[in-house]
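Below, each chain spelled out in residue letters.
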Amino acid sequence: MKHDDTLAAELERRGVSRRAFLKFGSYIASIMALPPSSVEALAEGLAAARRQSVIWLSFQECTGCTESFTRSFAPTIENLIFDFISLDYHHTLMAVSGEAAEEARKEAMAANKGKYIVVVDGSVPIKDGGVYSAIAGVTNKQMLEDTLKDAFAVVAVGTCASFGGIPKANPNPTGAVAVSELVGGKPLINISGCPPIAEAMTGALSYLLSFGKIPELDHLGRPKAFFGETIHDRCYRRPFYERGLFADGFDDHGARQGYCLYKVGCKGPVTYNACATMKWNGGVSFPIQSGHGCLGCSEPNFWDQGGFYRPLPTPLGAMGPALAGAAVAGAALGVGAALSARRHQKTYLASLEKEKE
Amino acid sequence: MTSACASTENLEPETGFADAIIWETLAKLTHFAASGEASTIDLGGLPMSNRDRAALDDLLGRGEVSATLDVIGRSEVWETQFAGVWRVRHHGAEGIATDLIEITVCPRILSADRRDAETAARRLAEALERKHGIAETAHET
Amino acid sequence: MTAKTTASGVAYDVQGDRADSERRDAAMQAFVRDFARTAAIHMESCLRCGMCATACQFYVTTGDPKYTPINKLRPFEQAYHRHIGPFAPIYRLFGLKSNVSIEMLQEWEALIYDACSLCGRCTLACPMGIDISELIKEARHGMYKAGLVPDRLELMDRTTKAWGSPASPSDDFADIVRDTGEENGVPVNVDLPKADYVITVAPAELTEHTKALTDIAKILNKIGASWTYSTAGFEASNIGYINGDLDLQEKMTRKIIDNAVAVGAHTLILPECGHAYGAARWEASRWYGKKVPVRVIHMTEFLAEVVNGGKVKLKKFGETTSFHDPCQLVRRGGVKQAPRDVLKALGLELKEFEDHGELGWCCGGGGGVVSNVRADPLRFKAFEIKRKQVEDANTQHFVTACGQCRITLTLGAKHAKWDQKVESLLELVADNLED
Amino acid sequence: MDLLAFARGPALSFSLAIFVLGVIWRLVGVLALSPWNDLSPPREGAPPNWLSAIQAVFRKMIPHRTFLTAGMFTTANGYVFHIGLAIVVLLFVPHILFIRSLFGVSWPGLPNGVVFGVGALTAASLLAALAYRLTSPVLKLISRPNDYISWLLTFVPVVTGLAAAAHVGARYETLLALHVLSICAFLIWFPFGKLMHAFLFVLSRGATGVRFGHRGAQL
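Residue numbers (our numbering), protein chains in the order written: chain A, 1 to 357; chain B, 358 to 498; chain C, 499 to 933; chain D, 934 to 1152.
Among the hints, a few may not be true.
To be verified - Chain C side only, calculated, beta carbon under 7 Å to chain A, not exhaustive:
(1) R531
(2) H581
(3) I582
(4) P587
(5) L591
(6) G593
Stated by the list, open to error - Residues of chain C placed beyond 10 Å of chain D at every Cβ, according to the derived structure:
(7) G548
(8) T566
(9) P625
(10) D669
(11) A723
(12) E925
Keep in mind the hints are simulated off the structure, nothing from the lab.
Values in this document were obtained by computation on a predicted structure and should not be read as measured data.
We treat Cβ as the ideally placed atom computed from N, Cα and C, and that holds for glycine.
So here's chain A without its partners, still in its complex pose:
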């Protein structure tokens, strides 16, 4: 009997029934807002898939994304995905190190040529030849380019990989860029967030595994299922916004009443993410529920939007000196114009007087 290496067979060997696929399928369908009718297709697709080789590259990052993704090791529905993938290279998680680690990466690339998925967290510095971040003597840029050559798809995890994130924040000393700028034509999924919601990652990978294609993305390359709506649109505090009830600080009456945090700088209205519905830590809470406005961490350049506590409708940058300067210039121009007009009148008057004589 030929050894069956489908995921169904693997789980079966561990005594897990196909109900697990059904359950996982309904979970993925739910978080990705797929129609309930697609649950079985998803489950069947996953069951028939083979373990997916994943090469995880970490560049200019803080490991928060990995933390978010692997936060739980309990055998639960959320991390069944770890049974579906073969994490062939991840320098934080893998047991081996040094040359052996790099060897593992090369082996996986050779063995799964054209089929492996590259996951990237962290941005890539490209200034000065990319010298600001290197692993085993290879710059991040070089390693990314090498690894991408034979990849099937790329998943940029976290805002740094998706949009450059904090390393790219003004003044961007390392010339950090998003992965999207270096992928060439490879299919790319951005899972932004600082850190991203683990379910978004799970959902995107599962979709990729079951259907063999990339889920529908928004204009920033993010799965619409998770990034299709703003935090504000899905926020349970939205009714307070509509009724004009706001917290003016973090310890006032409004804050205690759980009013909308718009006035204290919440970026929910312009932030596309699923925090308000998926929430964090297994659905316990999310920043707004915990009393703090959204930072907008899943959006490009969120670090440079004038401050986390600056309300959305306020202008960015200091206005005072510019306006004072404008006022002085305006007054000068006004006086100049009036003097010129007066002179104009006088010269006209003079010519009139002459006319009289």
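Using the hints, position chains B, C and D against chain A.
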């Protein structure tokens, strides 16, 4: 209770989602009764507060059947007091992962898969073999 | 002096023999000179809401949008933006506002002179409070400089320069006064070297309404005042003020003020004439350069003063009357109560028009319109409003306090074949003095 | 978010600077012209000039009844969109935050639903104003490009604001950016067109008020 978080919990508003979902359930149930066509309402992704969820549970109540599953974590399935309206709730690491209302004869997750049955038959045969020392081939299916 | 027509078919008169460019420049010079702070604020402020149209008798009676008051200011406005406004240097630099063309000035002549009686009703309608009529008066300065004035008004201008009055030569003035005094049996004073009151006249008193000359004399004699008429300063109507001839306005102003000072008068009484009030009461100091040392009052103010002060007693009519508020006296002069007091003293029950006082409708002849025969058809049209008001009031008397209004109303009635007498407040008082 | 950052940042700073520069330029340019001092003696009992000016500013808020008959639409509609704009601009919470960031003062806002309703009414009123301008023979004759530009630059922020609030037409941040940019255009145009009447009305009414008060005439 003076902490901001605690009082926020207490003040979670009721948004009216529960009522809306009951209306949808009624429509789907009527359709199911007439045509036999099953359907599902996914409660995930709806910005329901805990109060909304409690209100929904109250309205639907519990009927004759209830089951607990232990498949990659715990799941609960029960029929509401309205025949054909089932609740399917999968628990994840730290809470509810999937929460569904299924309008059907019996939720699919309760039924065994024939491919699993195939393996099960083999395992059962092996178990027998171990017990009686007799090699008995399972019936081909 | 020639009547011409623009390419677009608008009639205009032109005086003198100058190149068009010279005319245009002369107009611009005068326009530019006029923009002081208030005029500039008003030039900046128009919202183009069209409310002023609803106030203008020429628009209301014709429905022709070109009579919208603010539209009459277009060349003036253009000159302002090109030469004076805060952005004028930029407009000039980039050629964003063109200079006013001679064709435009020609076309606007009739709008500025024939279709505006300077009544100022539009000023009250303007939500921004733009004093449109004042601006039109200022725009006339440029039109005059350009030699683009209705011929009849220019004729009066020249006559005044030659005679010292548009009605008769100065040399004849003393005779006219004496003759009228004899005719009406009233002792008159002319050219006394010293007097407390100096009386001035308008053309109406020297032509149609000579009785007014002795009416005031009668009252002054009655109260035993020291008064005189003066050949050196009798003409108060000030055609320069109306035409936009500033030189003449200054000359005529100085004449009456200087004379009053020379006579040592404490009060200069202006005739029953609206524009005389505007020119002498409010604008004289502009030419005099300082506060005018003589009290300048209108005939109506004088009447109210003697009546309210109990210096004269009047016979009571016990009848009803309506009153036409002369624009320059009431709306733009602030003399609203005085004529009403006098009418009350005469025992005339005043039935007010629906729009009266500062909201009164113009007779249609102010600002020189009545003297400008070219404007007759328009004026007669505007007269319809006044006629309706008078008919609606349906009173035994119809009184006004301005000779020009009286002439306009009489002419209007005659043209409309409408039998309506227009009475003078001064005459009513003079004719009804208690012994 | 880049368009929004541009709108909230450089575009807004630039247009506010132009706004301040232009407003002061225009006001100073007019006020620094030579005055004509009226040396004629005032009417007996005439109020002081400052009082006449203030009275005129308020007096002119409501037209004389006689002008209302013909000018009812202009007046009533003018009131509707002016009050509407005032409510939307001054009582919508995001706008209050904007104002607070510039001047440091704030006040309570209205519920969004009310503001949206008022905004819609304001937009309708502005459309009516345009329709009237395009059909009335008087307004057709006296209107200038200034009037249409000013109308457009008032209307567009209202419409983009409503669209942003209702999330229709594009993504919220794009709509918000367009709203902010439309306000930038409004601010830049403001001092150079008739929008300036928001400042000039005080001067214009006041100047005539002084003239009339001096003469003892009623405005």
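Comparing the hints with the structure gives:
Taking 7 Å as the C-beta contact cut-off toward chain A, the hint placing C:R531 at the interface holds, the least distance being around 5 Å. Among the interface hints, the one on C:H581 holds; its C-beta lies about 6 Å from the nearest C-beta in chain A, closer than the 7 Å criterion. Because the smallest distance between the Cβ of C:I582 and any Cβ of chain A comes to about 4 Å, under 7 Å, the interface hint for this residue holds. For C:P587, the interface hint holds, since its Cβ comes within 7 Å of a Cβ in chain A; the closest pair sits about 6 Å apart.
At its closest, the beta carbon of C:L591 sits 11 Å from a beta carbon of chain A; the interface hint therefore is violated under the 7 Å criterion. Proximity of C:G593 to chain A is violated relative to the hint, the smallest CB-CB distance being about 17 Å (cut-off 7 Å). A beta-carbon of chain D comes within 10 Å of the beta-carbon of C:G548; the shortest separation is about 4 Å. For C:T566, the requirement that its beta carbon stay farther than 10 Å from each beta carbon of chain D is not met, with the minimum near 5 Å.
C:P625, annotated as away from the interface, has a beta carbon of chain D within 10 Å; the closest lies near 6 Å. Every beta carbon of chain D lies more than 10 Å from that of C:D669, the smallest distance being close to 32 Å; the non-interface claim holds. Against chain D, the non-interface label of C:A723 holds: every CB pair exceeds 10 Å, the least being about 20 Å. With a cut of 10 Å on Cβ distances, C:E925 stays outside the contact zone with chain D, its closest approach being about 26 Å.
The structure shown violates the earlier hints numbered 5, 6, 7, 8 and 9.
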